[in-house]
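Protein chains: 2
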Amino acid sequence: MARRNPERRAALVDAAIEVLAREGARGLTFRAVDTEAAVPPGTASNYFANRDDLLTQAGARVYERLQPGEEEISRQQAAPPDRETYKELMKEVVGRVSSFRTGHLALLELRLEATRRPELRAVLTERVRADVDANVTYHEASGLPGDATAVKLLILAFNWLITEQLTLPGVFSEEERNALIEAAVDRVVGGAQT
Amino acid sequence: MARRNPERRAALVDAAIEVLAREGARGLTFRAVDTEAAVPPGTASNYFANRDDLLTQAGARVYERLQPGEEEISRQQAAPPDRETYKELMKEVVGRVSSFRTGHLALLELRLEATRRPELRAVLTERVRADVDANVTYHEASGLPGDATAVKLLILAFNWLITEQLTLPGVFSEEERNALIEAAVDRVVGGAQT
Numbered sequence: 001m002a003r004r005n006p007e008r009r010a011a012l013v014d015a016a017i018e019v020l021a022r023e024g025a026r027g028l029t030f031r032a033v034d035t036e037a038a039v040p041p042g043t044a045s046n047y048f049a050n051r052d053d054l055l056t057q058a059g060a061r062v063y064e065r066l067q068p069g070e071e072e073i074s075r076q077q078a079a080p081p082d083r084e085t086y087k088e089l090m091k092e093v094v095g096r097v098s099s100f101r102t103g104h105l106a107l108l109e110l111r112l113e114a115t116r117r118p119e120l121r122a123v124l125t126e127r128v129r130a131d132v133d134a135n136v137t138y139h140e141a142s143g144l145p146g147d148a149t150a151v152k153l154l155i156l157a158f159n160w161l162i163t164e165q166l167t168l169p170g171v172f173s174e175e176e177r178n179a180l181i182e183a184a185v186d187r188v189v190g191g192a193q194t
Numbered sequence: 001m002a003r004r005n006p007e008r009r010a011a012l013v014d015a016a017i018e019v020l021a022r023e024g025a026r027g028l029t030f031r032a033v034d035t036e037a038a039v040p041p042g043t044a045s046n047y048f049a050n051r052d053d054l055l056t057q058a059g060a061r062v063y064e065r066l067q068p069g070e071e072e073i074s075r076q077q078a079a080p081p082d083r084e085t086y087k088e089l090m091k092e093v094v095g096r097v098s099s100f101r102t103g104h105l106a107l108l109e110l111r112l113e114a115t116r117r118p119e120l121r122a123v124l125t126e127r128v129r130a131d132v133d134a135n136v137t138y139h140e141a142s143g144l145p146g147d148a149t150a151v152k153l154l155i156l157a158f159n160w161l162i163t164e165q166l167t168l169p170g171v172f173s174e175e176e177r178n179a180l181i182e183a184a185v186d187r188v189v190g191g192a193q194t
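Here the protein sequences come in this chain order: R and W. According to this note's numbering, the first sequence is numbered sequentially starting from 1. According to this note's numbering, the second sequence is numbered sequentially starting from 1.
If you are wondering where the hints come from, they were derived from the structure by calculation, not from laboratory data. Remember, predicted model here, so these are calculated numbers, not experimental data. One thing to keep in mind: the hints can contain errors.
As the list claims (entries may be wrong) - The following label-pair restraints were derived from C-beta to C-beta distances:
#	chain 1	residue 1	chain 2	residue 2	range
1	R	Gly190	W	Thr29	47 to 53 Å
2	W	Arg96	R	Ile73	37 to 43 Å
3	W	Pro68	R	Asn5	29 to 35 Å
4	R	Ala179	W	Leu66	25 to 31 Å
5	W	Thr35	R	Ile73	31 to 37 Å
6	R	Ala122	W	Gly27	49 to 55 Å
7	W	Glu92	R	Gly190	22 to 28 Å
8	W	Thr35	R	Gly69	46 to 52 Å
9	R	Gly69	W	Arg65	43 to 49 Å
What the hints assert, rightly or not - To give an idea of the chain W side of the interface with chain R (calculated C-beta under 8 Å), a few residues:
#	residue
10	Gly69
11	Pro118
12	Arg121
Note that beta-carbon positions come from the ideal geometry of N, C-alpha and C, so glycine has one too.
Generate the whole structure from the sequences, applying the supplied hints.
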């Protein structure tokens, strides 16, 4: 019978993210999660039906933890919906995702594992596509300049910029990364300069 | 003493790329490479100083195999250096990289392994930065529209587009991917429409 303590479950899923980032998908075992979460051996196996269940919950949890806080959303909504605000918003998003280093690395491990596991691939595909669509919807409601294509192009460019920063941080300097974020918004969003 | 048959060496490095893509960095052992290359056990260990040597040679080999052929370069040089040519060129590049599926997946595995191995990180950083700079230099010599920033932004966007296609192919349809490539060139390159 699956155990039901939600805090314990969240702690185990968070531990799985750390194990994924550090050891790779192949290192993710129930035993490694128990050790990472500092709980008695056998605990994780009581909370997850199998390894696929743990992998998909780890992926969902990364997205959950990457949501902006209420304070950040309020601040964005109070700012004028112009291109400068868009740039600041994108710098915040890139900064937020990059600072959850193990989360982004765990998602990359899960993507690679998805090439070997059709069920994981199906769940991740649905989650990533929902995230793209949510970004488009959020953008359209925001009044910020640019269209759905711009949102998708920025997602592509910034996902790789973050991947570059977290895996090979010496390829671009911080100054170059910031300049690339500003140039991406300027060029991709289009329309009149503000 | 290291063995010197260059064809045998190349076959072993190619086998390492396949093992990396299929099994992940943790699955890359000399024994797995011997099996993949269908050579006697112990062969790979005669050709590479250690596992790091094999990993870095696999990374270098992916870049080598991704170079365009002479026929493709001649065709590009004969085309008018305008935005439409740029779009066709980018579709060819994305198609060429995507079609070497195991190469791109192996590079992603190497990037994740680089977070754990400083020597591999140093070698890959140098290789990836050299590739960015070579793309900028090639672009400047081509007479195609756009600047160095455009080249870098397209590298970012298309690397993630390829990653998406190879790991979660259901997120974007082929039609959507082609539209994103065209829109990326149109918007990022800037300047007058052709």
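Taking the hints in turn, this is what the structure says about them:
In this structure the hint that Gly190/R and Thr29/W lie 47 to 53 Å apart at CB holds, the actual value being about 50 Å. The hinted range of 37 to 43 Å is satisfied by Arg96/W and Ile73/R, whose Cβ atoms lie roughly 42 Å apart. Restraint check, Pro68/W to Asn5/R: a C-beta distance of roughly 57 Å breaks the suggested window 29 to 35 Å. Taking 25 to 31 Å as the suggested C-beta distance range, the pair Ala179/R and Leu66/W conforms, at roughly 27 Å.
At roughly 53 Å, the beta-carbon separation of Thr35/W and Ile73/R lies outside the given 31 to 37 Å, and the hint is violated. Look at Ala122/R against Gly27/W: about 23 Å separates their beta carbons, and that is not inside 49 to 55 Å. Look at Glu92/W against Gly190/R: about 25 Å separates their beta carbons, and that is inside 22 to 28 Å. Taking the beta carbon of each, Thr35/W and Gly69/R are about 50 Å apart, inside 46 to 52 Å as hinted.
Distance hint for Gly69/R and Arg65/W: a CB-CB separation of about 45 Å, consistent with the stated range 43 to 49 Å. Violation of the interface hint for Gly69/W is found here, the shortest Cβ-Cβ separation to chain R being roughly 26 Å, above the 8 Å cut-off. The closest approach between the C-beta of Pro118/W and any C-beta of chain R is roughly 11 Å, which is over the 8 Å cut-off, so the hint fails. The criterion of a C-beta within 8 Å of any C-beta in chain R is met by Arg121/W, whose closest approach is roughly 6 Å, and the hint holds.
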